[in-house]
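Chemist: Input sequences plus hints: build the corresponding full structure.
As you go down the protein sequences, you meet chains A and B in turn.
The numbers in the first sequence follow the numbering used here, run straight up by one, and end at 359.
The numbers in the second sequence follow the numbering used here, run straight up by one, and end at 359.
I should point out that these hints are in silico values taken from the structure, not numbers from a laboratory.
All the pointers check out, no bait thrown in.
The list makes no distinction among identical chains, and a pair is therefore deemed to hold if it is satisfied within one copy or across any two copies.
The list that follows gives simulated cross-link-like pairs (lysine-lysine, DSS-like), each with its CA atoms no further than 25 Å apart: (1) K88 - K206; (2) K109 - K68; (3) K90 - K243; (4) K90 - K231; (5) K88 - K243; (6) K168 - K232; (7) K300 - K167; (8) K90 - K232; (9) K90 - K209; (10) K167 - K231; (11) K316 - K90; (12) K316 - K328; (13) K168 - K231; (14) K90 - K206; (15) K199 - K209.
Note that the coordinates shown come from a computational prediction; the quantities given were computed from them, not determined experimentally.
Protein chains: 2
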Amino acid sequence: MDFKEKLKTYQELINERLLNYVRKEKCPEEILNHSMEYSLMAGGKRLRPILVLATYQLFREDIEICIPFAVAIEMVHNFSLIHDDLPGIDNDDFRHGKPTNHKKFNEATAILAGDGLLNNAYMVISNSIANATGKDLEKQIKVFKEFSEAVDRMIAGEFVDTEFEGKKISEAYLEYIHKNKTGALLKLCVRMGAILADAPQEDLNRLTAYAEKIGLAFQIKDDILSEEGNEQILGKPVGNDKILEKCTYVSKYGLSGAKEILEKITKEAIEELNIYDKKAEFLIELAKYIKERNK
Amino acid sequence: MDFKEKLKTYQELINERLLNYVRKEKCPEEILNHSMEYSLMAGGKRLRPILVLATYQLFREDIEICIPFAVAIEMVHNFSLIHDDLPGIDNDDFRHGKPTNHKKFNEATAILAGDGLLNNAYMVISNSIANATGKDLEKQIKVFKEFSEAVDRMIAGEFVDTEFEGKKISEAYLEYIHKNKTGALLKLCVRMGAILADAPQEDLNRLTAYAEKIGLAFQIKDDILSEEGNEQILGKPVGNDKILEKCTYVSKYGLSGAKEILEKITKEAIEELNIYDKKAEFLIELAKYIKERNK
Numbered sequence: 065m066d067f068k069e070k071l072k073t074y075q076e077l078i079n080e081r082l083l084n085y086v087r088k089e090k091c092p093e094e095i096l097n098h099s100m101e102y103s104l105m106a107g108g109k110r111l112r113p114i115l116v117l118a119t120y121q122l123f124r125e126d127i128e129i130c131i132p133f134a135v136a137i138e139m140v141h142n143f144s145l146i147h148d149d150l151p152g153i154d155n156d157d158f159r160h161g162k163p164t165n166h167k168k169f170n171e172a173t174a175i176l177a178g179d180g181l182l183n184n185a186y187m188v189i190s191n192s193i194a195n196a197t198g199k200d201l202e203k204q205i206k207v208f209k210e211f212s213e214a215v216d217r218m219i220a221g222e223f224v225d226t227e228f229e230g231k232k233i234s235e236a237y238l239e240y241i242h243k244n245k246t247g248a249l250l251k252l253c254v255r256m257g258a259i260l261a262d263a264p265q266e267d268l269n270r271l272t273a274y275a276e277k278i279g280l281a282f283q284i285k286d287d288i289l290s291e292e293g294n295e296q297i298l299g300k301p302v303g304n305d306k307i308l309e310k311c312t313y314v315s316k317y318g319l320s321g322a323k324e325i326l327e328k329i330t331k332e333a334i335e336e337l338n339i340y341d342k343k344a345e346f347l348i349e350l351a352k353y354i355k356e357r358n359k
Numbered sequence: 065m066d067f068k069e070k071l072k073t074y075q076e077l078i079n080e081r082l083l084n085y086v087r088k089e090k091c092p093e094e095i096l097n098h099s100m101e102y103s104l105m106a107g108g109k110r111l112r113p114i115l116v117l118a119t120y121q122l123f124r125e126d127i128e129i130c131i132p133f134a135v136a137i138e139m140v141h142n143f144s145l146i147h148d149d150l151p152g153i154d155n156d157d158f159r160h161g162k163p164t165n166h167k168k169f170n171e172a173t174a175i176l177a178g179d180g181l182l183n184n185a186y187m188v189i190s191n192s193i194a195n196a197t198g199k200d201l202e203k204q205i206k207v208f209k210e211f212s213e214a215v216d217r218m219i220a221g222e223f224v225d226t227e228f229e230g231k232k233i234s235e236a237y238l239e240y241i242h243k244n245k246t247g248a249l250l251k252l253c254v255r256m257g258a259i260l261a262d263a264p265q266e267d268l269n270r271l272t273a274y275a276e277k278i279g280l281a282f283q284i285k286d287d288i289l290s291e292e293g294n295e296q297i298l299g300k301p302v303g304n305d306k307i308l309e310k311c312t313y314v315s316k317y318g319l320s321g322a323k324e325i326l327e328k329i330t331k332e333a334i335e336e337l338n339i340y341d342k343k344a345e346f347l348i349e350l351a352k353y354i355k356e357r358n359k
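Modeler: Written out as structure tokens, the structure is:
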């Protein structure tokens with residue numbers, strides 16, 4: 065199976081399984097559930113759950129133990145998008161070419177749908193843990209702890225990003241934002257896959273280094289797309305970072321500077337996987353995909 | 065020790081322990097942490113953590129195992145207050161006589177501080193679970209599952225409450241709101257205390273019935289205070305429910321009707337505890353306190 069096919073297979077699997085885990089208890093009129101499902105199914109790339117599954121499959125085949133965590137991380141990702149898009153934060157009207165949650169529904173619904181998705185992630189995890197035993201239970205508890213800590217870092221990264229909009233910031237702060245806002249969750253995904261697959265410590269270290277590098281690459285590419293991407297393909301306006309005077313790799317190093325760093329960091333990420341040879345083909349292609357994507 | 069003294073002792077214990085559990089990792093300028101701590105320490109009654117501890121102490125003395133869960137539930141409660149107060153939901157300027165989080169800081173900070181507190185609660189729980197073994201671990205996992213489900217119901221209750229503002233609603237919907245928005249968390253607190261104390265199933269059932277009744281009483285009293293409370297003592301404006309045409313026990317049954325139900329339900333709650341005799345004195349007084357409080 066080539067990369068594109070494999071990517072699609074993973075995406076379809078995630079899409080198929082996701083809705084099984086959304087809160088079932090219908091509150092009157094079901095709008096809250098619809099609103100959560102709307103954002104969840106709005107056409108994301110499923111990069112985070114795919115990272116969990118693909119990393120796991122470096123070591124083991126049967127991904128069933130990963131599914132709840134893959135679903136939970138996609139819920140957290142969507143919670144963060146809904147809240148970031150709110151009028152009180154980025155005030156974005158479109159996401160994946162569709163109206164953002166507060167535009168489709170209303171602000172109160174979007175706030176609570178975001179809250180609901182974050183909490184739903186933990187419902188999924190608690191349910192998985194409650195049904196686990198022995199070594200599986202141990203691994204899942206370790207993952208739960210890393211999960212909550214990574215989400216904490218994501219929220220802090222988003223906070224600093226928002227707080228420093230329109231202000232000149234130091235390189236250290238820019239790094240903080242990138243490491244936390246996007247990087248923490250991507251690193252978590254890879255680590256979850258490895259931990260759930262019982263990967264030895266040295267593999268875990270190596271894969272963590274890979275994850276940190278693709279996390280940074282992802283954010284740099286985001287900054288580049290936000291500067292010179294195609295609005296039609298991207299499904300959201302281009303140039304907003306400039307208008308909001310956001311601190312990005314592009315504002316800091318210029319377009320060509322950012323692209324150079326992106327090339328270098330992607331190459332380094334791939335080198336971390338050399339030892340796995342053919343087995344790591346998908347994760348290698350994924351690193352290239354992150355660099356080359358146009359949305 | 066009389067009720068007031070015991071209540072104060074509990075409150076001081078919670079206040080003392082709470083800050084130990086707030087995220088330690090300082091993001092640049094620490095405003096996010098300050099914002100979370102501001103709401104957490106703004107003067108709440110600590111009713112929820114106290115319910116956990118007092119229920120636990122019906123059966124056992126050493127409350128150490130309860131502390132992380134008592135702290136986590138207070139974090140969740142404060143997350144929900146911060147988000148409910150947002151301009152996009154209730155748009156309240158004051159809480160406990162102090163500016164609400166978005167008034168003190170700004171809207172973006174309040175959204176993310178709320179998110180941060182909800183997630184912080186799960187960080188605390190994951191850390192406690194990661195350090196537990198044997199029977200303690202089993203109980204904590206059970207509590208974690210109930211915790212995430214109760215928070216889900218709280219969010220759904222708040223959603224329906226918001227969604228039906230200014231609309232005529234059926235008795236069934238009013239009950240749904242009250243059972244979920246406030247009741248779910250209060251019930252959880254009592255159940256957490258009982259489960260962590262290894263209470264037998266029949267005690268768990270009895271205490272659950274008590275919790276459901278004080279949960280309803282709490283909401284009815286809230287509705288009454290919102291109609292005829294003292295703004296100075298309450299620390300927030302009175303009469304807003306009427307202006308927003310909120311569906312409450314007062315709008316549904318009138319002031320005297322609501323008061324009658326409050327008396328009846330409090331008496332029933334107390335009857336559930338008869339079997340515990342002197343041991344339940346604090347929980348009995350707490351039910352009366354919920355009925356008689358003026359803030």
